[in-house]
Amino acid sequence: MTSTAAASVVGQPVSRVDGPLKVAGGATYAAEFDPGPGLCHGAIVTSTVASGRIASIDTAAAEAAPGVVAVLTHRNAPVLPYHEHKGLTDPPEGERIHLLQDDRVRHQGQPVALAVAETLEEAVYAASLVRVSYRPESAVTAFSDAVAHAVPPGPRYRDRGLEGDGGRGDADAALGAAPVRIEAEYVMPRLNHNPIEPHGTVARWSEGELTLWDKTQWVDNVRAEMAAVFGLPPDRVRVVSPFVGGAFGSGLRPWANVTLAAMASRHVDRPVKVVLTRRQMFGITGYRPRSTHRVALGADRDGQLLAIRHEGVSETSTYETYAEEQLGSSEYLYACRDVATRYRVAPRNVQTPNDMRGPGKVTGVHALECAMDELAAALDMDPVELRLRNDTIVDQSTGVPFSSRSLRECYQAAGERFGWSRRNPRPGAMRDERGRLVGYGCASATWPAMRQAAEARARLLPDGSAVVSSSSSDMGPGTYTSMTQVAAETLGLPLERVRFELGDTRMPTAPVHGGSWTMASLGSAVQAACAEARRRALAEIGRADADLAAVLRQIGEPVEATVRTEPGDELRRYSAHSFGAVFAEVAVDPDLCTVRVPRLVGAYGVGRVVNPKTARSQITGGMVMGMGMALTERTEVDPRDARPVNSSLADYLVPVNADVGELDAVFVDEEDPHVNPLGVKGLGEIGTVGVAAAICNAVYHATGRRVRELPVTVERVLGAAVR
Amino acid sequence: MEFLSPATWEEALAAKSARPDAVPIMGGTDVMVELNFDRRRPAALLDLTRVPELREWAPDGDRLRLGAGVPYAVIVDRLADRAPALALASRAVASPQIRNRGSVGGNLGGASPAGDAHPPLLATDAVVELASVRGVRRVPAREFYLGPRRTARSDDELIAAVLLPAPAGPQQFAKIGTRNAMVIAVASFALALDAGRRSAGTGIGSAGPTPLRAPEAEEFLAAEFDWAGGRPPSPAVAQEFGALVAAAARPIDDVRGSAAYRRHALSVLARRTLGWAAADYRREMAACG
Amino acid sequence: MPAQTLTATLHVNGREHALPDLDPRTTLLDALRESLGLTGTKKGCGLGHCGACTVLADGRRILSCMALAALYEGREITTIEGLAPEGGAARPHPLQQAFVERDAFQCGYCTPGQIMSAAGLIDEGRTGSPEEIREFMSGNLCRCGAYANIVAAVADVARTPLVPGAREPEQGRS
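Chains as they are written, first to last, in the working numbering: chain A, 1 to 723; chain B, 724 to 1012; chain C, 1013 to 1186.
It cannot be assumed that every hint is accurate.
[Claimed, not checked] According to the in silico footprint, chain A covers these stretches of chain B (three or more CB under 8 Å from chain A):
(1) 888–897
(2) 977–987
[Unchecked claim] One side only, chain C facing chain A, incomplete, derived with CB under 8 Å:
(3) A1096
(4) F1111
(5) Q1118
(6) C1119
(7) G1120
(8) Y1121
(9) C1122
(10) E1147
(11) A1160
(12) V1163
(13) L1174
Hint data in this document are derived by calculation from the structure and do not stem from the laboratory. It should be emphasised that the depicted structure is a prediction, and the values quoted were computed from it without experimental measurement. Ideal Cβ positions, reconstructed from N, Cα and C, are used throughout, including at glycine.
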């Protein structure tokens, strides 16, 4: 890259700064770290019942197998302190499973033993020789009766603002009086993150200090949890995670591989690597929970919303309560006087779900936006027009204005690019040149703009370069790149003279890399740290206008500033959200009922865009995930024993290249002076929100058939038997 | 786990005879999944990758003798005119990487009803050549599949080749999957028309315990098809052909699709492939003049 | 089972690597990653379902998780570390450059497999249109969803004409 004019580097489509390393195979992911001599491999044995106790466990054959160093079970594993630890990404209600600490089995696929051997092959073989028998206990696994047995999320969720019941006015009365009403139920299956890199950890103890190379979105929380589990002061634990091979939320909590690797490493006094198999990724990590939603909408004949009632139930485990904000968007997305929301969770003998890209919103907005399309049909109104008619500049759930809101502009921009005006409003009226039914659909997207406290360090070197660091993560959005841009612009140094480092607990503390808040939170800290370091350097020579590189050479030693920034009260004075509009074109084979998606077009108002190149990739990548959710993805759970029956990438179908047609994402010009110093609202999650609804609505437009259960399988389009 | 690495076909047959439990491995597509998934720990693997004959193909009378280890990619690139239906099916197998290694021999050895190669072999009346130290025998594909993952191959036999009759008319293959590529078939169907014998061959994949034929559909089409003129089949004929194909299937509900949809899809695929084949037939007639 | 091992020599990226105690169960993928320290080849599923482990064997793209290392003795294996003519960032392969320029990845984990697959594809000559590239790049999953940019990157190197106006990866604001 040639020298980039520093002052304009934010907002430029800069290529990823870590790109050359990644394309050369030189980026080192968790399981690829070399901890030094003596590395052993651990292979996990998992339970085959959903609930019960281990009756017997025979490790003799495994222990006698070649190369085996140890076989850990609840009978010989070290007793660990497991002190209380509740990170922001842990469910506040309940308690995590204490691995290999007792004979209790709480879900299918729970680790019950770990075989440790000299090589991976020997460990895997030894694990296959462990014989376990169970005393099964009755387990609640089916989701079909979940609604009847669901409960509120609980008091600790209430403290976090997730009560379960929300709204305003009298929705039931307003619904009763509304001249036009629709009501429908929407079902969404369990979804797994399925990053291509499986979760894995390399653990090494040295003089009572634990080093973990782990795949995580939050090194500081891994450190905190492991310190609690092993009863160590946090400064005796170091967690390193410079590259994350996709996570989409799966890296928000440490999974069994972390604890087991650390436990085994201490037990055998050698470094140990534990990597989950793809099948174990379905049984040990979290997932987007199954859910059932019921939406009732009432409107006047002009399409003005009069009432929204939205009820949702999602699955959780019996030992922790995972709840997510599924219905909040129904309270703020549109103007409506009378709104009622009711959210419940249904405990099942399954492992605990966790956040997956766009948690809550992806689910709730899907139901709401499908319902809006049904309302538009009932009104005989254009679906875009219905949304615009209910646009609002005030968040009616709180009464405060939006910090910025470009939903209307998004519909206009995306609709124009998409060619919405070519849509024949009558379902089943459009065909392509191959005779397939063509449908156009749209949906709104939204994601809250949040911000956390963050800390960054800027270290300016005598050679005129800078190293900026914080313990954040880059699971793919481009943290390395965008932070480098912010730092370079703030310092007034060329991009290639600035290096950003992340992913190590030795660095200043970043918030969890999730929630689409990394740029808002850490970007603000990077900006502040760089401004402070620059100020200090210039102050040393007493000139505010000098060339920084020259000043640094003159000073001759490093100048450093570590700054922590926190959000102010701006998010109480304003309701801050990114908004978007997504349009889908589908082509449906009239006989086979296969659905293809030739085009997805979205426009988004996300505040300032630091890097339009990586931002666009984020959005279009999110669209692909939304497409998978719409058409192919589901984790099928056997109702008899809660076993995921399609736990492979041959049966859990994420989109392949040939499934993806034209993807178009644009950002509308939007300045948000309120939300944070950088004016960014976040765009990691919003690209997935609304996509499935737009596709379902397009399928309706193509076929006249409402598919209210995801994914939109051929059977459902055909209206045939099950599946 | 023992490795047996014969360098010649004779050595391979001797090895298989001495160790009938040895699992032959060529492209590894099926064997490696079982190894890596830990379902199976064979005492011995019989590495056939060094046996050159398995990768060769040559005329055998008026048939093409296709070595059991010829990769799918080679069939797609070089044998589309000699084995049209099999070439179409080969292009639909798994991924390009797997098509560079996987071969018809592996499909026949594993005998999964979802294997993409089976329907064309059935439809074209291909013959499977089995060999052992006892000798060589040729079993029609139509008699090869005995039950779920059970075949006519004896434990001491290796699959040497398939013999593909020279195409005597249009051949078609169609597959439905939940994705556009790299997907296990929900249902697949192959159709081969034989203008000389005025007969039709069919093959059904992923819709029964074994790959299946639709004999009644074949007889119906042989009687109803306009062999002289190649006129497009009437809607009623196409409909009936599709219904007979669907009726021949014995599908189940599983995670990939419902039995009801599979039957429905087969009737559609049968109608469509018939339409394409009839159009090809007319083109060929016109070309011959 | 006795701890039977083999001795094998792998030819990887133009170099010979002796594996004196090779467990016969070892896949080519695990041999590369665990024994030879060539971690650029990625493991996503171990079952041939994702394509992250794609390498070239005698110039053809294969899945190294579906290959036993012992069966690849004497074959010329090329991994992402050996794709560039002079090895690495100094003089990257055109595909490596194109992937960076087109932003054809996010997390980067499937990327070595995508690039090796693309290298095989270009040699196979199935790059006549974006549709053909899509079909023949479908053996490589990308969960970040960078597919459109992957097609653009491969098309750049293969000189495949892209439909004007479609899938321009660097469009900015409207």
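Verification of the hints:
For the segment 888–897 of chain B, the stated coverage by chain A is not satisfied: 0 residues place a CB nearer than 8 Å to a CB of that chain, which falls below the threshold of 3. Coverage of the segment 977–987 of chain B by chain A holds. Counting CB-CB distances below 8 Å, 8 residues qualify, and the rule asks for three or more. Here the hint on A1096 of chain C is kept, as its CB sits about 7 Å from the closest CB of chain A, short of 8 Å. For the restraint placing F1111 of chain C at the interface with chain A, the shortest Cβ-Cβ distance is roughly 5 Å, inside the 8 Å limit, so the hint holds.
Annotation: interface hint on Q1118 of chain C holds; nearest CB of chain A at approximately 3 Å, less than 8 Å. Among the interface hints, the one on C1119 of chain C holds; its C-beta lies about 4 Å from the nearest C-beta in chain A, closer than the 8 Å criterion. The interface hint given for G1120 of chain C is met, as the beta carbon of that residue sits about 3 Å from the closest beta carbon of chain A, less than 8 Å. With a cut of 8 Å, the hint placing Y1121 of chain C at the interface with chain A holds, because the nearest CB-to-CB distance is about 3 Å.
Restraint check, C1122 of chain C versus chain A: the minimum CB separation of about 5 Å is within 8 Å; hint holds. Interface hint status for E1147 of chain C: upheld, as the beta-carbon distance to the closest one in chain A is roughly 5 Å, under 8 Å. Interface restraint check for A1160 of chain C: the shortest CB-CB distance to chain A comes to about 5 Å, inside 8 Å, so the restraint holds. Proximity of V1163 of chain C to chain A holds as hinted, the smallest CB-CB distance being about 7 Å (cut-off 8 Å).
Checking L1174 of chain C against chain A: minimum C-beta separation of about 11 Å lies over 8 Å; hint violated.
Violated hints, listed in ascending order, are 1 and 13; each of the other numbered hints is respected by the structure.
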